[in-house]
Amino acid sequence: MEAEAIVRRCEALYADLSLGSVREWKAAHPGRPAVGLLPVYVPREIVHAAGALPVSLLGGGDQIDIVKGDASFQSYICHLPRSMVELSLTGRLDALDGFVFPSTCDVIRNLSGIFQMTTRGKYIRYLDLPQAMDEGTGGAFYRRDLVALAAEIARLAGREAPGDEALAESIRRYDRNRRAIAALWAVRAGAPWLVALDETYLLMRAGAVLPVEAHTELVEAYTAAVAGRARKPEDRIRVVVVGAFCEQPPLGLLRTLERSGCYVVDDDLFLGARWVEGDVLALEEGRGSVAEESAAPVDGPKGGPHGPPGSDGGGDPYGALARAYIGKSLVASTRYQPDGRRGEDLVRRVRALKADGVVFAAPSFCDPALLDQPPLQKSLSEANIPFITFKYAENTGQFQSIREQAGTFSDSIKLWGEA
Amino acid sequence: MKLPVAEASAVPVPGETAARGAGGGMPEGRAQGSPRVQKDVSMERQKAMLAGYFSELAHARETGLKVAYTFVPGNLTELIRAAGALGVYPEVNALQSAMRQKSDGYVREAERLGHNEDVCSYVKCDIGMLAAGNIGPTGEKLPPPDLLLLSYTGCFTFMKWFELLQKEYGCEIAMLHVPYQADGGITEDMRRYVAAQLRDEVIPKLEKVTGKKLDLDELSALLARSARAEDDLVWVLDSARNTPSPIDAYFGGVYYVGPIFTAFRGTLECEEYYQALRQEVAARLDRREGPIMPNGVLAEERFRLVVEGPPNWTHFRDFWRIFYDEGAVVVASTYTKVGGLYDDGFRHGRAEDPLLSLADYCLGCYTNRSLPARVDLLASYVRDFHADGFVINSLKSCNSFSVGQLVMMREVEKKTGVPGGFIETDLVDPRYYSQANIKNRIESYLQMIAQRKGRA
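Taken in sequence, the protein lines are chains F and R.
Quick note on the working numbering: the first sequence kicks off at 2 and runs consecutively.
Quick note on the working numbering: the second sequence kicks off at 1431 and runs consecutively.
Simulated from the structure, these hints should not be mistaken for laboratory data.
Among the hints, erroneous ones may be present.
[What the hints assert, rightly or not] Here are the simulated SDA-like cross-link-like pairs (lysine to any residue), alpha carbons at most 25 Å apart as the crow flies:
1) R/K1845 to F/G122
2) R/K1844 to F/V68
3) F/K69 to R/T1846
4) F/K379 to R/G1600
5) R/K1638 to F/D340
6) R/K1597 to F/R349
7) F/K392 to F/S402
8) R/K1597 to F/L331
9) R/K1643 to R/P1573
10) F/K69 to R/L1836
11) F/K379 to R/E1539
12) F/K392 to R/E1539
13) F/K355 to F/A190
14) F/K123 to R/G1615
15) F/K69 to R/G1851
16) F/K69 to R/P1802
17) R/K1845 to F/Q75
18) R/K1597 to R/T1673
19) F/K69 to R/A1809
20) R/K1597 to F/N385
21) R/K1597 to R/P1634
22) F/K69 to R/F1852
23) R/K1638 to F/D135
24) F/K379 to F/F391
25) R/K1844 to R/D1814
26) F/K392 to R/R1538
27) F/K69 to R/V1848
28) F/K415 to F/E235
29) F/K329 to F/A181
[Stated by the list, open to error] Which chain F residues face chain R? A few, computed with CB under 7 Å, are given here:
30) Y77
31) D107
32) V108
33) D129
34) A133
35) T138
36) G262
37) V348
Beta carbons: idealized from backbone N, C-alpha and C, even for Gly.
So that you can see chain R by itself, here it is in the shape it has in the complex (with noise of 0.2 Å):
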């Protein structure tokens, strides 16, 4: 599955010109503003966390810091820092690659060992990644797992593909089995059972790999922070819900999302961060301003969309640029959604056990949740985020996302009357990117809708 990550030199900044790969610099088109590198408080501090982290990672040997590789949607964060273990998400890592345009490379490498060109591309990324010495986004070797955290939240495809890794690694595995919301609700067995899980197999494999007992009153600590940050983080994205819109809630969501969606969920800078980061979107809310673009602060809103689906990371600036041309701005999109759903108000530590709490979180994350229950969620958006339109984009590798989004199109244009517009590429295998394509079907799209606004 995917992941919405902001990586120290590779991820979607907001501001940057710098040419990197295929996608060059970004369009000046509509930004006022100057053209050289516009960064925020936020974004530096966001920065400097991660690479911090990662150089974290690549002396966890020398410090004697176990690793647990896990996945986003349903990770444990709080967990594996109250077991004293450092976490690993190789799903950023896939996504990182994609974005420095190494991910081809390594996807290709993966079929030549024998993987098929079928099945995720973010698993072969990971595979070629690992077979081409396993260095990490900052160019350190990433340290091997001493325990594979296996959630099986949302995503079959997280299941082979630890297999896979256990497979290579002969490491320690724990499976979190998370029951699917298929009914639109969460019972009160399903948590109970996640909650059994979690103290009859995770944390026991934990405590063994770490050799500390966990501390669940650490862990509590944790957890409330986490929460604190939440709450800022939902109040950005809800800013947007403002005309003009102060964020971009895909292109730039995916930035916010990155250190509570991974490894700093419950520490005091994610804590932090978040604070910093509403602080910044409040002025610009104050200020009236729109987004920051690649280029610059957003001039003209033209366009309010709901995007469902993740992006694609090969040619993720050059994705962000065709709706950037045409003044279309993001207010919602549900691949922020995907490590947390925080909408329903669901906040880490306010459960009357902090392992329910977990369990809570897990279930709730979006691709846990039904079909029906997405629909509503994305009709929702349309409507309380007054956008013109939505569009999906559809993954090839990406099953959990993709397999029903057909049918969830004319569902939600049946619950809201507006029409859906429909694109396809994949996360990180770039033979799955036409520009030329895409392109026109956006701005055929955004015309249609022009013209329905005109008519309005």
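Excised from the complex, chain F in its bound form (with noise of 0.2 Å):
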């Protein structure tokens, strides 16, 4: 398939906020739920193992009017809340059987509590991720509450709680996928030139809704597809943008980033799509479970609800995920970071990636991004790396300042070497 009509089917996906595609996977695969998961980061092979289809939320971006939605949010509040509100409220959301809201921040915390008094009978859970960054009582805690999860969602699907084997073999399709994203992330560095932000950008999106099998036979035809293209780098520079991993940019603020002159080697847009680095399940041969080895006084199940770890595969699958969580995450505003590396993180980022400098594009009143940047510029000025700074809500419909800003920063690099 040619790039290009790859492309024009993840756009096609990204602008059905009614969720047509969830729907039509539900027709062919009667009696399995579709499971909403808010932003950043939810563990969808969970979902997947469970029989259900996972499909991220991410706002309504510049597609939606808001007037339920507003009408439950003052006005120093960032947008993403009001346009889930709206979605639901409007019955976008209606092919969902049920939502999963992450411990992102107090936020989507709350939002979680405003779909338990809004969305009835919806199956509506909050998912607790580890704040204490050790395998013994954050991972074990974690790990119980992903067994509690998988069962729960099972339920919903009118099946079993999955055992090891069926969650493992439900993380290998996710490690597939996560290796399809890293090629394309290579060839992004490499080569940015043959693929735009917003074709990768979209191909991600439809990894939202698509199921995982579907999306990373994409994800690999369109980066077999790119490499084909007859493309001569252009006169830009080089950038990291940081800062819109939850609520989205509009599309067009993403097109006018490129067009203003740079090409975005690496961003954390739709983080929880790459959340984790690497194969979940690689080197977990051989390991116990974290509950094994945890020294929490209530000890959670082992090797999953059927089993001890290592009965059926996989080592300890539940496990791999709270290691995976713990020891092999992207560095992320919302998760704790007691040594203070992002800084340092960040700027090896850069230079790994051989950028000329970054762009904090953050959403209005989002405390984690906005929180992290006086520390993350400090280090990048201590490295040298020039940045620029704007604010975005996901409906934002004027680009020009922002064409303006990131114009006069990639000009200021290619003239004299630095904004």
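Assembling the complex is the task here: the two chains are given apart, and the hints tell you how they should meet.
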């Protein structure tokens, strides 16, 4: 398939706020539920193994007028919860049988309560991702919760809770997806003129609604297709975009950024889809379960709901997901980072990607992204890495000031080597 | 997150008439008695306690005492004391800076350093205060932390706040992850997870910093004292069920919860303070007196209100005066539950294990409860305290409190049949407080309540 055709399909999925593809999936899989996952990160492997379709929800973008949503939030709260409430109350999320709200921030947390009060008859689940970054405490607690979550979603599907082998198989499918995305990211880093930012973004967004297997095929097909593009590099700077991990900027803003003279060689858009670095199941062979290792007072079920760890292959897949969260997550503003290495990580990434600078693009009123900016900027300044900063909302409609800002940033680096 | 506290010279001191900052003197209005400063014995006691504590902090380096910075919701004051350290509460410093009209400058300084106008003003006030020399409310320099004790209870911003401070100080940091009561209850797994972190993470770091082995018997003794003080606090807050109420449970309430929400819980002086406070309130109750308001005893209780959300600190007296002028008494508030919710019987030290008791406390704080649970609590306050209405003070800075409050208001209205009022201010950023706007809204709301009462 040609890259352009793939992108057209992805854009159609992106534009369909009523989740038509999810309805089609449910029609083709009678009795199986679809579960919406709020940003930033929920392990989709659990939902998949439980027999449901995981659907990542990223707001309504600039494609929806907010009426009911604005009646639920004060002016100083970010935009994503408004469009989520609007989508819900206008029936656009009716294809979903439940929602999982991870512990991203106070807004997403309290949004779970709003859904509890306004979305009757749906499964509403809060997922307390551990901030205790220790396998024995946080890992064991999280693992037990994943076992419970899998069982609850399986009940929605009228199934038994998934055993170790079922979950291991789901993880393998997502590991393949992660490898496909990593290969695409390698192309971005090496030859960004072959892959426009809006294309990779749309490709990633398709993974929000498609089954993982279909999404992996799309990513692999796109990556193969762009390799044959006869495009030449342009005189643009290479930048990393930081801060857009939850509420997403509109497509027009991303296009504006690149048209202003930037190649975006890395970003944290829709970060939940790339949360874990590498394979989850790698190095799991022969390891015990998190619960086994735990010194926590309450031991969780070992080896999934049905048996001891490793009894049916895949080691301890629930524990593997817990270990991946603690030890293999990307550095993220929403995850506790006691060693203060966010700045160092960003500098390392910028240098590894040979990027010229950083674009801080954060949603208005986003505490996690905005509170991280001063120390990150300090680290960049100390490393002589230039940056620019702007805020957006998912329905931002005016891009001229961003075009001018990014264009000036690009020109100054090209002319003088610094902003 | 926000903190209620009365401080030696800068807090909402009932009866104090001295003009300070923008607020000026308190209204003459409906008060009876002398316009001169009226202070209860408990007030004098609290002022002395706080002055002594900040002096102790100022000399911590000389005396060799170690210092743990921590937050009010989910604070582990008894544990810190049992480990031989002193607690510093950055929210308290921020609100006191606001009361002293210093927060504006601190917030602007933090913004000059790159902190965004959108984020929590408590954080920016603290960062600005640090940049200005970290001078505490008594004018003495606060010691830097030996340990940042990050109790992740009900507020995500706490985590980011201490990550920022950790970059500044480079000291030891301990995380206590307290799971959220999303389904309206505390599970055994949650309790044991928190207790495991206390055992494996918090206590070892406290011991490492202080060089002292924690004595669990000493901790249990402190917890027992906390429980006795909590019994008295609950009695005081429950006294507002009477008509007229002998207390104001919001503006006065932040003063009542001061010692127990901060550095004193578990101490003998805290226990004695609440005994004295209870006696004072009991005496007012016997005399059928209303609460002591800024200018004396309120003569006529015209409205009984429940308030959700923290107060504005930069214009605390002006804010209070709007209610006072209308004869509105707050009979219950949720903010006075942010550092501990004792309504449902929880008391420190009554669990089977002291660490589990601390876990129960952390898990139970008000903003760690789901929105439906918060709605139920508000509705019960409206009913049980015979309130005429409820007001939500929504704060720009505080997503933990504010997100969902409009939906909560509609739900409480449905459950109680009582209309709610909604205003917007901020914690310590004066740019987000408009006296005329707030006054207009409150007065209009109370007119509507008066009409309803007239029809009833």
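TODO: Mind checking the alpha carbons of F/K415 and F/E235 for me, to see if they're no more than 25 Å apart?
DONE: Holds, because 12 Å separates the two Cα atoms, which is no more than 25 Å.
Open item on the list: Between the alpha carbons of F/K379 and R/E1539, is the straight-line distance 25 Å or under?
Closed with: Given pair F/K379, R/E1539 holds - Cα atoms ~16 Å apart, limit 25 Å.
Open item on the list: Would the hint linking F/K123 and R/G1615 be met if the CA-CA limit is 25 Å?
Closed with: Roughly 19 Å separates the two Cα atoms, so the pair holds.
TODO: Below or equal to 25 Å on CA atoms is what counts here, so check F/K392 against R/E1539.
DONE: OK: F/K392 and R/E1539 at ~21 Å, within 25 Å.
Open item on the list: Given the hinted pair R/K1638 and F/D340, is their Cα-Cα distance within 25 Å?
Closed with: 18 Å, holds
Open item on the list: Is the interface hint satisfied for F/T138? The criterion is a beta-carbon contact with chain R at less than 7 Å.
Closed with: 5 Å, holds
Task: Distance restraint between R/K1597 and F/N385, which requires alpha-carbon spacing of 25 Å or less - done: 19 Å, holds
Task: Distance restraint between F/K69 and R/P1802, which requires alpha-carbon spacing of 25 Å or less - done: It holds: about 20 Å lies between the C-alpha atoms, which stays within 25 Å.
Task: Satisfaction of hint between R/P1634 and R/K1597, Cα-Cα up to 25 Å - done: 22 Å, holds
Open item on the list: Need the status of pair F/K329, F/A181: alpha-carbon distance at most 25 Å?
Closed with: 17 Å, holds
TODO: Assess, step by step, whether the Cα of F/K69 is no farther than 25 Å from the Cα of R/G1851, and give holds or violated.
DONE: Roughly 19 Å separates the two Cα atoms, so the pair holds.
Open item on the list: Quick check on the hint: F/D129 CB to chain R CB, less than 7 Å?
Closed with: 5 Å, holds
Checked against the numbered hints above, the structure breaks hints 18, 36 and 37 and satisfies the rest.
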